[in-house]
Amino acid sequence: MKTYKYLFLLIGLTIVGCSDLEEDPITELSPDSYFSALSLTEVEGFVAGSYAHMVHRNFMSREMTQALMFRSDMMAIGRTGAQERIDHDNFTVQADNGLIAGGSNVYWPKVYQIIGAANEAIKSGLSLTDVDEAERNEVIARARFARAFAYFHLVRQFGDIPYLDDTTILSEAAVAERTPAATVYENIIADFEFAKANLPNTQSSRAIPAKSAASAYLALVYLTLEEWQNSYDEAKEIINNEGTYNLGLEPNFQDLYDAIKIDQSLEPIFVLDFTGVSDGDQGRDYQVAFTGIRSDDQYDMGGGWSVEVPALKVFTSWDDLDYRKAVTFDATAVQGDAVVPYTNFTDADGRAVNRPHVGKYTRMASKLPQQDGNGRSSHSNYMMMRYAEVLMIGAEAANELGQSSDAEMWVNRVMERSRAGGVSWANGAEVTIAPSAVPADFSGLSQDDFRTRILDERRLEFAYEMKRWYDIARRKLGNDVFGADGLESEVSTESGVGPGPKSFDPAKDYLFPIPQSEIIINPNLTQNPGY
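With full-length UniProt numbering, letter number 362 in the sequence shown gets 362, and the count goes up by one each step, no holes.
Among the hints, erroneous ones may be present.
[Stated by the list, open to error] Listed below are the simulated BS3-like cross-link pairs for lysine-lysine, each with C-alpha atoms no more than 25 Å apart in a straight line:
#1 LYS367 to LYS236
#2 LYS123 to LYS313
#3 LYS313 to LYS261
#4 LYS476 to LYS502
#5 LYS367 to LYS261
To be clear, the hints were calculated from the coordinates, so they are not data collected in a lab.
Please take these sequences and the hints and turn them into a complete structure.
See the structure below:
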């Protein structure tokens, strides 16, 4: 998977975020004359720039990820006084929150840089009329996939957003009004449809989208929109053709979080590929540090920062016989050559938190040499979409359509893998987890009970993979999961920290505020209700 090398030469020419827009060109080089001189290889540079932006700290490594993690019911604030994090955790976010607004060190401009690079690739690619059409369309398809992927994150977070495409001129982009979310979704679907039609069945790397990636995201988009039949049809097509697409479930759940074994796995469909090389915060993997245990020696990375720490009840309510629990958490640390339980993490370092920590990121990062402390220069693959999710998307949609046979068959493949056990990690060493009867198959459930359980199984299967908040938002679960009986209701008395006073308001908190810094520079932007 590391064979796909991101090109940075053209990034400076292609990154145009809303905060960076200027109405007057500052160069004598006409864009039209530049595009006419491009070759298909140079267009590939724009595409590569779009994907390269995805492994910057402002996207799915630090800023955006923190917002998604803390707003879920799975993650609680660690031992940190950063108000920008506490506000997402407690739903007291304002429009000037440091994770989403203020300067260039936030993710709203970064997502528009991804989009800007993709738009340049599409525009310049369409201008190439003297190359093979199929070859050109495949390059454009990768750019349209990137654009749809970026907008799909933005629209779920902010609702109506400025929609800039390859036909938008710079002066219009600088003052663009918010496009209705329904229209944004129509454009997202059109991009994924084009990608599905023009991408090959397989790629040399899962960091490069194939046909199955576009189809899988179409299934998820339709699931989000509650267009059950379309979601079911997309998922079923992938499942029926898993051999053609070279897909399958990884037999051992732990191997999904092994930086060496994952490159040979059939389960990832689309990943963000950290290559162990970073230029400042470009290519830097912060989740290893954010989720790791302070002063923990078990991974030879100097420990983590105890910033993103699971809500205690996630751990205490998870059945010990479920193999995924052992894979997901580090409940012990190695401190001073001694194995220490989570209730005593602060004994060795007062900046730690006495709670189980997420183990997925540290274990993956530890498999290959690190270039700096805390694992930030990792070789990890962040799984944006994997085959288990396609099976569960299909099962959820099938249940809504009354197709109970398909619903049970597909989700039970995931349950069976979880029961199989395998080699995991504990006390600083590999351990073998025996097969068990947990989790049980889905069988004979009512439609309502199936719906409740599959959302909970998604919570466990994809724990801390930045998916839970989106499930809460699309199914409007906020009042239940953030209430008195929610996962964040149990406080660890030993840690000295815990979930703060939740102020979740369903009238506003399913959307983030539009960054105030963007409203200041674009008078046509309006704010979401309640902010």
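We went through each hint and held it up to the structure:
no., hint, in the structure
1, LYS367 to LYS236, "35 Å, violated"
2, LYS123 to LYS313, "50 Å, violated"
3, LYS313 to LYS261, "31 Å, violated"
4, LYS476 to LYS502, "16 Å, holds"
5, LYS367 to LYS261, "9 Å, holds"
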